[in-house]
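Kindly produce the complete structure, drawing on both the sequences and the hints.
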Amino acid sequence: MTKSEKVWYPIILVMLVITILFAMMLGASFITPQQMVTAFKGGNPNQLDILINIRFPRILAAMLCGGMLAVAGAASQAAFRNVLADPSILGVTSASDFFILIGAILIPAFPGSKLLFSILGGLFALALLTRGPALKSPYRLIIIGVAMMLTFTGFEQLFANGFGGQTLGSFNGITWSQTEMLLLLGVSGMIAAVIISPWANYLKLSTEQLQTKGVSVSLMRIALLLVVVYLSSGVSSVVGTVPFMGIVVPNVVRYLVGRDYQTIIPLSMLVGAWLLLVVDTIGRIAVLPSELSAAVIMTVIGGPFLILMLQRKNFNGLKSS
Amino acid sequence: MDLNQVSYHYPQQPILLNHISARVPVGHILSIIGPNGAGKSTLLKLMTGIIQPSAGQVQLDGQPISSIPQKQLATKVALVSQQNDIFDDMKVIDVVKTGRLAHHNLLATIADDEVAQYIQATHLDALAQRPMSSLSGGQRQRVWLASALAQDPNYLLLDEPTTYLDIHYQAELMAILSRLNQQKHITVIMVLHDINQAFKISDVLWLVKQGQLVKVAPPAECYDRQLLASIFETNIQIVDVPNYGKYIVEIPEVRAES
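Protein sequences appear in the order of chains A and B. Numbering-wise (our numbering), the first sequence opens with residue 1 and increments by one. Numbering-wise (our numbering), the second sequence opens with residue 1 and increments by one.
Bear in mind the hints are in silico, worked out from the structure with no lab data behind them. A portion of the hints provided could be inaccurate.
[As the list claims (entries may be wrong)] What the simulated footprint calls covered on chain B by chain A, stretch by stretch (three residues with Cβ under 8 Å from a Cβ of chain A suffice, anywhere in the stretch; the number is not a length):
1. 68 to 75
2. 86 to 93
3. 101 to 113
A virtual CB, placed ideally from N, CA and C, is assigned to each residue, including glycine.
Now the structure itself:
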């Protein structure tokens, strides 16, 4: 472990614990820590119900989705060799959303169809991105990605008329069964990402370099992108789109601890969990009795972040592959 | 390693290499020299199996290179390429470790000890924990060399390894290569820009012009003014430098006085 890792892991963990505590307390009704203890001892069934069946699954879901999207972003950046390559910017998540809608129209009652169509949509978008010249020019990749995002969003709106399409990512009303689904998808996907995180580092070398070292670039790239689709589609199928997580978190983490993906990926998981929990908690209490969706808040944070990154004078994150 | 009637052309392009046949002298230093565009780098790439000949065959231990799995080939042939961009910063030692992937499965953790000897051989001990972005061109070139050596190859191929280096680093690199050749009996195959460097360090020279192998001989037999002049299409003089020996200089044609 490097020095900066030793500093940041505990800081993030402490921040996460504090934020969880606040998220348990805050909401339509304020529950103090003492009341919490009383409730858990059986002294207040109403508050216990709020804590266990409303707040706790929501907190867990927000943390899981934050971790999943941040890790998907880091893996995607490595696979595309491009620090801006976030699944939401590249149109992967909007393709997922569109396919979920198509699935809902075609086979409404099929169990697991949301996840299945979400993954199909993500794979379809990646297939388009990894063909042709998009991989050769980093700026072209981003422009094609944004065009795809707009296209799929447009199609979704076109078809959504009368079918009430996928909503913007929100954790409002999330149930335990949905959270369990996220737990299953998130834990398996994030473990896979940590296991193959050395490949994210190897992909920093040129294709020719890796070829002469007997290493298959396409194998490593495809494995990383499958993890990306699995994680981001998992989130899309349960809570909808939460944009920009995958660009904000890994880049902040890179700034904190350097450029080793074996650190970036696990730490992004924690920072992502923390950030989305903060965002969702603020969204829950900012405009009581109504709510702001996590997606809206993330758009407001992520958009300017992306602009700042691109406008930085010494921005050198994009080199052609 | 043998080249049998090897020809190569890029798609829709005129022929770049034309029926080249030669044997690489095992355990020696071979330099390929010739003017720009003669096909030297392409020849090197063909010998690593990155590209396949349009006709003919490159053979390694009697087997066509195209039939050897990429990973197995990487344990025998390593390339230090001319362009060594990385897309994102890495520590020196991690770059060197990637060379060991030829000998491990892709998920293996490679210990620092395993690459210590390659780091020593290329004088990188003090730089091992530094990020690549903080290194000079000459230092970086040594990292790529160390990474290629970590493949533990029989054949080490280098494409113009001294081009961006100042004279001091050039001499240092040449000394490292000579030592590797003598102590570890690695066959070194280089494309060199500097003719005198090539003549000085090599056991054998391949002189290439317009996709043809014009001459294969030890340097001593290549001090041929006429031959060099025709290959490089310029006026060549060979002069004697005290304590050095023959030195090839390019001198523009002087018009005879009428």
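Checked hints:
| no. | hint | verdict |
| --- | --- | --- |
| 1 | 68 to 75 | holds (count 7) |
| 2 | 86 to 93 | holds (count 6) |
| 3 | 101 to 113 | holds (count 5) |
Of the hints listed earlier, there is not a single one the structure fails to meet.
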